[in-house]
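There are 2 protein chains.
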Amino acid sequence: MSVTAPMGFSAAGVACGIKPDALDLALLVAEQPAVAAGVFTLNQAAAAPVLQGRASLHQSHLKRGIVVNSGIANAGTGSLGMHNAEAMAAALAAEIDCDPEDVLVCSTGTIGPQLPMDRVVPGIEAAVLRLDATAEAGAMAAAAIMTTDSVVKQAVVEGEGWVIGGMSKGAGMVRPNMATMLAFITTDAAVGREVLQSVLAAAVDISFNSLNIDACESTNDTVIALASGASDISPEPNEFATAMEDLCRDLALQMAKDAEGASRVVTINVRGAGDDAEARYLGRLVADSALVRSSFYGGDVNWGRILGALGTADVVIDSNVLSISYCGIEVFSSGTGAEFGEVALLESMETGDFAVRINVGAGSGRANIVTTDLTPEYVVFNGERS
Amino acid sequence: MSVTAPMGFSAAGVACGIKPDALDLALLVAEQPAVAAGVFTLNQAAAAPVLQGRASLHQSHLKRGIVVNSGIANAGTGSLGMHNAEAMAAALAAEIDCDPEDVLVCSTGTIGPQLPMDRVVPGIEAAVLRLDATAEAGAMAAAAIMTTDSVVKQAVVEGEGWVIGGMSKGAGMVRPNMATMLAFITTDAAVGREVLQSVLAAAVDISFNSLNIDACESTNDTVIALASGASDISPEPNEFATAMEDLCRDLALQMAKDAEGASRVVTINVRGAGDDAEARYLGRLVADSALVRSSFYGGDVNWGRILGALGTADVVIDSNVLSISYCGIEVFSSGTGAEFGEVALLESMETGDFAVRINVGAGSGRANIVTTDLTPEYVVFNGERS
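Just so you know, the protein sequences line up as chains F and A, in that order. 1 is the number of the first residue of the first sequence in my numbering; add one for each residue after it. 1001 is the number of the first residue of the second sequence in my numbering; add one for each residue after it.
Just so you know, these hints were derived from the structure itself, not from any lab. There's no promise every hint is true.
[Claimed, not checked] With a straight-line cut-off of 25 Å between C-alpha atoms, the simulated DMTMM-like cross-links for lysine to aspartate or glutamate are:
1. F:Lys-257 to F:Asp-246
2. F:Lys-257 to A:Glu-1377
3. A:Lys-1257 to F:Asp-246
4. A:Lys-1019 to A:Asp-1097
5. A:Lys-1019 to F:Asp-300
6. F:Lys-19 to F:Glu-384
7. F:Lys-19 to A:Glu-1339
8. A:Lys-1019 to F:Glu-339
9. A:Lys-1257 to F:Glu-384
10. F:Lys-19 to A:Asp-1300
11. F:Lys-257 to A:Glu-1384
12. F:Lys-19 to A:Glu-1384
13. A:Lys-1019 to F:Glu-342
The task is simple: from the sequences and hints, build the whole structure.
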């Protein structure tokens, strides 16, 4: 179950012909106007659907539906692209009897080409006929938003009398892979617009925003949450926030595990920074290094590269107080390499995923950045002509 | 010819046993105290020899010699590392009869291990016996500073009655590869300390600092210039500056061509930025993207990834005024992909190296950033256990 787990939502996924022979158009529809919140990419070359989504949420916070296509990003497409994003909203609105302003649009795929609207609009009409609140319909929608993903990503977290469901695609909000990161979250909890927006933004920060597969922020990254209120239960705010965090973390981890060409998920735990933002900055500096991520691939305990990456920070790094551990085994402290049981450590790393812990000082700032290794497969995959 | 081309310098390269069976210790000695200038890494985890070099140049601007070892970086080595760097300077000073303060020390190689001083000191003594002003001695020194380099990098630029020579290793000052970038430059022109320092810093900026193989700044990066004045000619400052730029660009290009695992050198020409610094920042943003560099590897004309990378800038990017060309053929302008002769363009790219030109606006700021493609070989190479 995913986006159809909470009451009040139906979904569909169809193949409309943007991709050859694959699901490429998803709908998510609320029976009644649902409270909506969104987090969008900060990329200045944001795609047309991102501009549509931002403007639409600015206009009103109640939405009836979301239409998503995969295969073409509708980015770098100028005014025709903007027109097409609006036409997608209008097409769904006409079918479900609402204003185009009540519909959000998302796209993911190749940057550049224009959408084949002669296929997209009939695709929306066909998808409306398949709308259903079953788990299968949710899974079809989750499959239809995939691009380079190899598996469908869905998650559900249950509260007391209310549910949050979600689906996502791609690998890494804010610092995503080639493929844009999209996530759609539904709940039947009764929550207001402000709570939904702030809880969503906080959860995105510690989940999708802490996923660091690549140093690029995509043109299309979007996370949208819809709350139907159909359970008639208003959860205690902390409880709701925790459930939202758990859901987003679950989806983010599924995305890391499915990152293009990756063979290991590596968590970089930064401790002792001035504050959490500084800890996150330092963790990303390490996770952004192609050299560090190449060493993760080879299972090489190369603390020198981590030290080198941290040394480029624009905050003070004192290598004499810094310590670095792999798999709980300290390998660097007090300015020099530490003696450690190399055989035992290498054995722990053989198993695949592992954690690196970096203590940078005595502060209370902490962050957990999730990344993957950089592999030859990644380069081959991303070097293919589009 | 390289560092021994100008009058007043001798060099040597020997194998002292840091590396198994390879040249790993180089000397560069001035007959008389030479005017010295240096540019060092800004990495906060700077290696012991970098600290030694900065302190030494701060103390006095006349130097008699430089001792360089490869194989071990003497970084992350604490107070023993600092002691060893100073001992290297003292060992050469004792042999050539000067103060230890008159000697500069550089190291490059693996971060972490301590130097085997029982081999390094006898190595310095042996190398002193080999000091010579021949081209061969210069080439031996250039070979002894190599780490992962596959070829020796040397260059000479002749002025009117004076000469500049240089040798380097590694791939990219400020944003170098695993291997630190080192460069040593000699001249017999008669120039003062301030001119030498400012001319060197400016030349480093547009050459080594515009080389962008990797997003990491190493712990050991160093460029040192020595001027013997032995020609008794004081060149016109602009002429000297141009010669220094030509020499540094020549060495930088040799380094790019020899970058670990790279198959293409790609020049990113940014035009129309607010100023040169902004142009350089934008060019690096593009060259830092693993996705962009993977597309260079595959010869994929993927302007969408360039657009995506530029969109993450912290300066305003207007995709409606932006244009992107590959090999002189415009592929993006006015907010959308341009029609172009794909076959002809792909043919131009098949030949290997190529240039991407990015016009970001109407400003006068420009920069040429040299990078390479990201290849599976790079990852395999840098994933190997050290």
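Hint check:
| no. | hint | verdict |
| --- | --- | --- |
| 1 | F:Lys-257 to F:Asp-246 | holds (17 Å) |
| 2 | F:Lys-257 to A:Glu-1377 | holds (23 Å) |
| 3 | A:Lys-1257 to F:Asp-246 | violated (48 Å) |
| 4 | A:Lys-1019 to A:Asp-1097 | violated (28 Å) |
| 5 | A:Lys-1019 to F:Asp-300 | holds (20 Å) |
| 6 | F:Lys-19 to F:Glu-384 | holds (17 Å) |
| 7 | F:Lys-19 to A:Glu-1339 | holds (22 Å) |
| 8 | A:Lys-1019 to F:Glu-339 | holds (22 Å) |
| 9 | A:Lys-1257 to F:Glu-384 | holds (23 Å) |
| 10 | F:Lys-19 to A:Asp-1300 | holds (20 Å) |
| 11 | F:Lys-257 to A:Glu-1384 | holds (23 Å) |
| 12 | F:Lys-19 to A:Glu-1384 | violated (39 Å) |
| 13 | A:Lys-1019 to F:Glu-342 | holds (22 Å) |
Of the numbered hints listed earlier, those contradicted by the structure are 3, 4 and 12.
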